[in-house]
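All chains, please: the whole structure from these sequences, using the hints.
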Amino acid sequence: MLMNYQRFVSAVREGIRHSVKADVDVQIQTVVKNNGIERRGLTFQEKEINISPTIYLEEYYEQFQRGESMDEIIRHILELYYEVRFRKSWEMDYLKDYEAVRERAVMKLINREQNMSLLKGIPYVSYLDFAVVFYILLSTKENESATVTITNDHLRYWGVEKEELYEDAMKNSPHLLPCTIKTMKQAVAEMLGTDAPENDVDNMYIVSNETKNLGASCILYPHVMEKVYERIGENFYILPSSIHEVIVIPESKSPMRPQLDCMIQEVNETQVEEEEVLSSHAYYYSHKEGRIFL
Numbered sequence: 001m002l003m004n005y006q007r008f009v010s011a012v013r014e015g016i017r018h019s020v021k022a023d024v025d026v027q028i029q030t031v032v033k034n035n036g037i038e039r040r041g042l043t044f045q046e047k048e049i050n051i052s053p054t055i056y057l058e059e060y061y062e063q064f065q066r067g068e069s070m071d072e073i074i075r076h077i078l079e080l081y082y083e084v085r086f087r088k089s090w091e092m093d094y095l096k097d098y099e100a101v102r103e104r105a106v107m108k109l110i111n112r113e114q115n116m117s118l119l120k121g122i123p124y125v126s127y128l129d130f131a132v133v134f135y136i137l138l139s140t141k142e143n144e145s146a147t148v149t150i151t152n153d154h155l156r157y158w159g160v161e162k163e164e165l166y167e168d169a170m171k172n173s174p175h176l177l178p179c180t181i182k183t184m185k186q187a188v189a190e191m192l193g194t195d196a197p198e199n200d201v202d203n204m205y206i207v208s209n210e211t212k213n214l215g216a217s218c219i220l221y222p223h224v225m226e227k228v229y230e231r232i233g234e235n236f237y238i239l240p241s242s243i244h245e246v247i248v249i250p251e252s253k254s255p256m257r258p259q260l261d262c263m264i265q266e267v268n269e270t271q272v273e274e275e276e277v278l279s280s281h282a283y284y285y286s287h288k289e290g291r292i293f294l
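Residue numbers (the numbering used here): 1 to 294.
Don't take each hint at face value.
Okay, the calculated beta carbon distance ranges per label pair [to be verified]:
| # | residue 1 | residue 2 | range |
| --- | --- | --- | --- |
| 1 | Glu58 | Glu83 | 13 to 23 Å |
| 2 | Lys162 | Gly36 | 19 to 29 Å |
| 3 | Arg291 | Val32 | 25 to 35 Å |
| 4 | Lys96 | Ser280 | 31 to 41 Å |
| 5 | Tyr157 | Phe293 | 30 to 40 Å |
| 6 | Glu269 | Arg231 | 25 to 35 Å |
| 7 | Val20 | Pro258 | 44 to 54 Å |
| 8 | Pro258 | Tyr94 | 47 to 57 Å |
In silico DSS-like links for lysine-lysine, alpha-carbon gap of 27 Å or less [to be verified]:
| # | residue 1 | residue 2 |
| --- | --- | --- |
| 9 | Lys162 | Lys185 |
| 10 | Lys96 | Lys182 |
| 11 | Lys162 | Lys182 |
| 12 | Lys162 | Lys33 |
| 13 | Lys182 | Lys120 |
| 14 | Lys120 | Lys185 |
| 15 | Lys33 | Lys212 |
| 16 | Lys227 | Lys185 |
| 17 | Lys212 | Lys253 |
| 18 | Lys96 | Lys185 |
| 19 | Lys162 | Lys96 |
| 20 | Lys171 | Lys288 |
Simulated from the structure, these hints should not be mistaken for lab results. Being a predicted model, the structure only gives us computed values, none of them experimental. Positions of the beta carbon are idealized from the N, C-alpha and C atoms, including for glycine.
Okay, structure coming up:
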């Protein structure tokens with residue numbers, strides 16, 4: 001009989017606990033992620049280190065269901081833990097002073113309607129049908145980062161208004177998380193480790209940041225939409241690929257709007273993790289108006 005997910009999580013935890021040092025406390029944690037999605041993972045708390053990585057287990061359960069052994073699963077998780085673990089504590093006292101973190105305040109885009117419960121406790125700015133939310137960027141690598149979400153409690157403690165935070169995040173994000181604009185061919189070549197022409201012309205462009213993490217917010221950066229327009233030479237549609245990136249299609253090369261929306265919805269259902277879904281429809285950029293429309 002196939003092990004259910006709850007038993008799998010417990011079995012993995014026991015296997016991990018017997019494989020790490022005695023001073024590492026491994027606990028099962030359920031976390032509410034973006035779009036209200038609950039994920040279960042293992043949190044690794046090391047003594048005298050005040051920041052703990054959490055490794056989520058859903059993908060490992062899928063591997064287990066496909067026939068990978070429990071020993072192999074545990075080995076993969078341990079490899080990831082040793083790669084991402086923190087070797088020293090973060091100095092958290094500086095979070096008490098906004099001036100100490102002001103230059104690390106950045107932003108991300110999420111779906112407003114799908115996150116109404118989350119938004120009750122954090123500052124946000126509405127943009128189209130998105131919510132612009134804020135976090136402190138502690139450190140960053142490609143595809144992952146260490147962050148602290150900024151809450152309403154933080155603002156009250158700091159004595160800072162949301163508008164000031166928004167201005168700081170708009171200033172910091174392009175510097176800490178620079179925007180990238182690549183053709184689909186360039187992005188695929190990069191993934192495959194092959195060469196692609198630098199001045200390649202394509203019908204699809206990917207807009208994200210250099211880390212490829214939470215990069216959809218690049219559409220808010222000053223002048224980014226103008227740069228996309230200059231590159232393709234016409235108005236364009238924006239497809240919310242995920243919270244990490246958007247896809248741009250020149251208007252003259254695009255299917256009709258209803259077809260775009262259907263395509264986005266199908267991709268969301270089949271290829272994007274629920275917690276990474278940004279929106280279910282396309283957006284339109286008008287150069288004449290200088291803004292994005294629903």
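Right, here's what the structure says about each hint:
1. Between Glu58 and Glu83 the beta carbon distance is about 19 Å. The supplied range of 13 to 23 Å therefore holds.
2. In this structure, Lys162 and Gly36 meet the distance hint of 19 to 29 Å, their C-beta atoms being roughly 22 Å apart.
3. One distance hint, 25 to 35 Å for the beta-carbon pair Arg291 and Val32, holds here, with the actual separation near 33 Å.
4. The supplied range of 31 to 41 Å is met by Lys96 and Ser280, whose beta-carbon atoms lie about 40 Å from each other.
5. Between Tyr157 and Phe293 the C-beta distance comes to about 38 Å, which sits within the given range of 30 to 40 Å.
6. The given range of 25 to 35 Å is respected by Glu269 and Arg231, whose C-beta atoms sit roughly 31 Å from each other.
7. Distance hint for Val20 and Pro258: a CB-CB separation of about 52 Å, consistent with the stated range 44 to 54 Å.
8. For Pro258 and Tyr94, the hinted distance range of 47 to 57 Å is satisfied, since their beta carbons lie about 50 Å from each other.
9. Distance restraint check for Lys162 and Lys185: the Cα-Cα separation of roughly 40 Å exceeds the 27 Å cut-off, and the hinted pair is therefore not satisfied.
10. This hinted pair does not check out: Lys96 and Lys182 have alpha carbons roughly 39 Å apart, beyond 27 Å.
11. Between Lys162 and Lys182 the CA atoms are separated by roughly 33 Å; this puts the pair beyond 27 Å, and the hint is violated.
12. For the suggested pair Lys162 and Lys33, the alpha carbons sit about 22 Å apart, so the restraint of at most 27 Å is met.
13. At roughly 36 Å between alpha-carbon atoms, Lys182 and Lys120 are farther apart than 27 Å, so this suggested pair is violated.
14. With a C-alpha separation of about 41 Å, the suggested pair Lys120 and Lys185 falls outside the 27 Å cut-off, and the hint is violated.
15. Distance check on the hinted pair: Lys33 and Lys212 sit about 18 Å apart at the alpha-carbon level, within 27 Å; holds.
16. A threshold of 27 Å between alpha carbons decides the hint, and for Lys227 with Lys185 the separation of about 19 Å falls inside it, so the pair holds.
17. For the hint pairing Lys212 with Lys253, the CA-to-CA distance comes to about 25 Å; that is within 27 Å, so the pair holds.
18. Distance hint between Lys96 and Lys185 is unfulfilled; the C-alpha atoms sit about 45 Å from each other, more than 27 Å.
19. About 17 Å separates the Cα atoms of Lys162 and Lys96, which keeps this hinted pair within 27 Å; it holds.
20. For the suggested pair Lys171 and Lys288, the alpha carbons sit about 25 Å apart, so the restraint of at most 27 Å is met.
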